[in-house]
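Peer 1: Put chain B on the given structure of chain A with help from the hints.
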Amino acid sequence: EDKVVQSPLSLVVHEGDTVTLNCSYEVTNFRSLLWYKQEKKAPTFLFMLTSSGIEKKSGRLSSILDKKELSSILNITATQTGDSAIYLCAVGFSGSARQLTFGSGTQLTVLP
Amino acid sequence: NAGVTQTPKFRVLKTGQSMTLLCAQDMNHEYMYWYRQDPGMGLRLIHYSVGEGTTAKGEVPDGYNVSRLKKQNFLLGLESAAPSQTSVYFCASSYSGAGVETQYFGPGTRLLVL
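Chains A and B, in that order, give the protein sequences.
So for the first sequence, my numbering puts the first residue at 1; every next one is plus one.
So for the second sequence, my numbering puts the first residue at 113; every next one is plus one.
This is chain A alone, in the form it adopts within the complex (with noise of 0.2 Å):
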């Protein structure tokens, strides 16, 4: 059964801290990662890493894939408010219809 686990389940940091958030998975077939935010509705998409780009970079956040060790991490540096949100890792897998199987998220809150 394919499985997507992500820790720490929550998280509550000051403005200013770096956090490092943690996927592993156990699928079928991997071929893509992906990295979503979720406030208050819709996730919204932040990085998708494959064998060919395990390593994205946007403004202060920023993602790595390990293969060998089947896990994922995200970063985020100097974390501001507006940082807080559910992150959830998904993980897309070859031959499906594009589905992703979804982790629990990791609630992060970011206090004043």
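What you were told as hints is all true, and nothing was included just to trick you.
Below 25 Å or equal to it, Euclidean Cα-Cα: the simulated DSS-like pairs (lysine-lysine) are:
(1) K169(B) to K121(B)
(2) K169(B) to K182(B)
(3) K121(B) to K183(B)
(4) K40(A) to K121(B)
(5) K37(A) to K57(A)
(6) K3(A) to K37(A)
(7) K182(B) to K121(B)
(8) K3(A) to K169(B)
(9) K68(A) to K3(A)
(10) K68(A) to K56(A)
(11) K37(A) to K121(B)
(12) K121(B) to K41(A)
Only some residues are given here: those of chain B computed to face chain A with a beta carbon under 7 Å:
(13) Y143
(14) G152
(15) G154
Keep in mind that the hints were calculated from the coordinates and are not lab data.
In this text, a Cβ means the ideal position worked out from N, Cα and C, and glycines have one as well.
Peer 2: For chain B alone, kept in the frame of chain A given last:
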């Protein structure tokens, strides 16, 4: 360009009632999906469609039916609602081209079954 829209935004049902959730996308995407999100459970796939007239079961299909009569619309039906179906429902769509995995999500429908 509205992206992915969902109707209604919120609904309260009594046990045994039926309803249909509508998802529409204007991005000409081939693939569409219905998910449910419960606290601490992440997003779980209910049904999906790879094109007009085709549907398939996801991880948690029981108690739901779907139809994709038009490329831009994907309907999710509950024939006899149960309290266990209280959840937030998200629709998503995706381009079918090679190397593109991103799914675009609608704003969600909050459903309460009493």
